[in-house]
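Given the coordinates of chain A, work out where chain B should sit on it, guided by the hints.
Here the protein sequences come in this chain order: A and B.
With my numbering applied, the first sequence has no gaps in its numbers, which climb one by one up to 271 at the end.
With my numbering applied, the second sequence has no gaps in its numbers, which climb one by one up to 271 at the end.
Treat the hints with care, since some could be wrong.
Treat identical chains as interchangeable: a pair holds within one or across any two.
Claimed, not checked - Distance condition first, Cα-Cα at most 27 angstroms in a straight line; then the derived DSSO-like pairs of lysine-lysine: (1) 49 with 20; (2) 131 with 263; (3) 20 with 243; (4) 263 with 243; (5) 95 with 38; (6) 243 with 255; (7) 141 with 131; (8) 130 with 49; (9) 95 with 5; (10) 5 with 38; (11) 49 with 95; (12) 255 with 38; (13) 38 with 243; (14) 5 with 243; (15) 131 with 5; (16) 141 with 20; (17) 217 with 255; (18) 49 with 5; (19) 20 with 217; (20) 141 with 49; (21) 217 with 243; (22) 49 with 243; (23) 38 with 131; (24) 141 with 217.
The set of hints was computed from the structure by calculation and includes no laboratory data.
So you can see what is in the structure, the chains are spelled out below.
Number of protein chains: 2
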Amino acid sequence: MEKMKRAERMVAITQVLMLKPNVLTPLALFAEQFRTAKSTISEDLMAVKGSLQLSGHGHLETIPGAAGGVRYIPEISREEATAVLNSLAERLNDKERILAGGFIYMTDLLFNPSILRPLGLIFAGAFRQKKPDVVVTIETKGIPLALVTAEALGVPMVVIRSGNKVTEGSSVSINYVSGSSRRIQTMSLSRRALEARQRVLIIDDFMKAGGTALGIKSLMEEFQADVVGIGILVEAQITSEPKLVEGYLSLLQLKELNPDSGKTTVVPVFL
Amino acid sequence: MEKMKRAERMVAITQVLMLKPNVLTPLALFAEQFRTAKSTISEDLMAVKGSLQLSGHGHLETIPGAAGGVRYIPEISREEATAVLNSLAERLNDKERILAGGFIYMTDLLFNPSILRPLGLIFAGAFRQKKPDVVVTIETKGIPLALVTAEALGVPMVVIRSGNKVTEGSSVSINYVSGSSRRIQTMSLSRRALEARQRVLIIDDFMKAGGTALGIKSLMEEFQADVVGIGILVEAQITSEPKLVEGYLSLLQLKELNPDSGKTTVVPVFL
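Bound-form chain A, shown alone (with noise of 0.2 angstroms):
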């Protein structure tokens, strides 16, 4: 490869860093890759830097040391965020999506990477400082969300499965009341699929009255880990009955829907 200008280096640079987010690349091996000097390397990072700063979009993160490095933390700015969720309450509000039995059609929604994506890092801003381990979520309509997010944070994903249906090895299952059907179900995960005392961040599409997500947390003690935080993404906040669990992060709530009317009022609460 003939050498390259300071600014050609600069937009490898940023895409290397991009295409790996969260991982530290050591400077030398850009200084290898690069044929130059690691010095030069270290003055094209600061600019490089310096131009992501302002974006909103992510930024640099430099570890000095032996062991250091820099990476790319994937961020979502504040003006965004607001943008995508009030976007997507307003699709949500659509008459069209109204499902029999309380519920709203989103999986279209839930499926898509474009949507899908922005979501993933404003639960990663969220819930960054609490440091988790693992992202965990019951299938199915919650995994690609809970996919997202994990990679937002540079974490992998573990899937509950629902029912009894795990045939990797010993596995651990809880029966819990789904708060809104009021029926008993089982979850279960396979023992190997989740270490003792990691720090869990639950991910999970949608909560009525929080059962589902009573049950993850019992799960979880199963495995001696800590849940460290709950994030979904519609709550159902019609009646005033309490959750039955606290500390929660929802970014969208519905608040009204009428399948009679047609009326559905889905309105978003973080930020």
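Only chain B this time, still in chain A's reference frame:
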């Protein structure tokens, strides 16, 4: 914002484009954001394009004209793809991963964003020219793989539910025979999940006899969808029995799995 220098703008442009892969951004938008002439942005983009060209991690595509703009197409180089698949095969060959019934424990890998991301790029690279409108998978373990593939292609994902639990308006269900268990099972998809005549890419984590893939193909026919490709992460090739579907692409082949000796042989087949 103070007026930026060229190198700074180049970094900022790279970041904005990488944050929205496959999305066309008009040059006017950059010109406004950086308070500079479109001709200047045009020169910036040429320089960014040149700098990214050699990396193999993705390139810029410029569309001329009034409705034109520029977009970032994410890619993975052949070298990196080979390294990723070799490393994954090696991890899968660990005898601790052998599960009862001729399966390998893959869940930790399938739910890890840093492992998934390059796999999504490999599938996207293999199927981009087929121009899929949507990536389809069946719950549960293939969901993250389908999501990263969909994001790399810039299209949404659709998840087929196993069993009959779709509560999202009218749905289409089919019965299929899972080739490995020889049992009749059901899969369902909400009518509103997929428009008619979409070009569909099927992605799944594992194929044994191909019964599930055949089932998905039948279900897709009900939606008048055009299946333009099938991508499988691990294909079991232990017996010489032909698969129930043809024309799929698998990235890894499981050649041998012996619970007694603890020997597993997974090899990369792609590239």
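The hints, checked one at a time:
| no. | hint | result |
| --- | --- | --- |
| 1 | 49 with 20 | both (16 angstroms within a copy, 20 angstroms between copies) |
| 2 | 131 with 263 | neither (40 angstroms within a copy, 38 angstroms between copies) |
| 3 | 20 with 243 | neither (38 angstroms within a copy, 37 angstroms between copies) |
| 4 | 263 with 243 | within (24 angstroms within a copy, 50 angstroms between copies) |
| 5 | 95 with 38 | neither (58 angstroms within a copy, 42 angstroms between copies) |
| 6 | 243 with 255 | within (14 angstroms within a copy, 51 angstroms between copies) |
| 7 | 141 with 131 | both (25 angstroms within a copy, 26 angstroms between copies) |
| 8 | 130 with 49 | within (25 angstroms within a copy, 39 angstroms between copies) |
| 9 | 95 with 5 | neither (55 angstroms within a copy, 48 angstroms between copies) |
| 10 | 5 with 38 | both (15 angstroms within a copy, 23 angstroms between copies) |
| 11 | 49 with 95 | neither (45 angstroms within a copy, 44 angstroms between copies) |
| 12 | 255 with 38 | neither (56 angstroms within a copy, 45 angstroms between copies) |
| 13 | 38 with 243 | neither (55 angstroms within a copy, 53 angstroms between copies) |
| 14 | 5 with 243 | neither (58 angstroms within a copy, 53 angstroms between copies) |
| 15 | 131 with 5 | neither (38 angstroms within a copy, 36 angstroms between copies) |
| 16 | 141 with 20 | both (26 angstroms within a copy, 23 angstroms between copies) |
| 17 | 217 with 255 | within (25 angstroms within a copy, 40 angstroms between copies) |
| 18 | 49 with 5 | both (17 angstroms within a copy, 14 angstroms between copies) |
| 19 | 20 with 217 | neither (31 angstroms within a copy, 35 angstroms between copies) |
| 20 | 141 with 49 | neither (37 angstroms within a copy, 38 angstroms between copies) |
| 21 | 217 with 243 | within (14 angstroms within a copy, 42 angstroms between copies) |
| 22 | 49 with 243 | neither (43 angstroms within a copy, 52 angstroms between copies) |
| 23 | 38 with 131 | neither (31 angstroms within a copy, 43 angstroms between copies) |
| 24 | 141 with 217 | both (19 angstroms within a copy, 22 angstroms between copies) |
The structure fails to meet hints 2, 3, 5, 9, 11, 12, 13, 14, 15, 19, 20, 22 and 23 from the earlier list, while all remaining hints are met.
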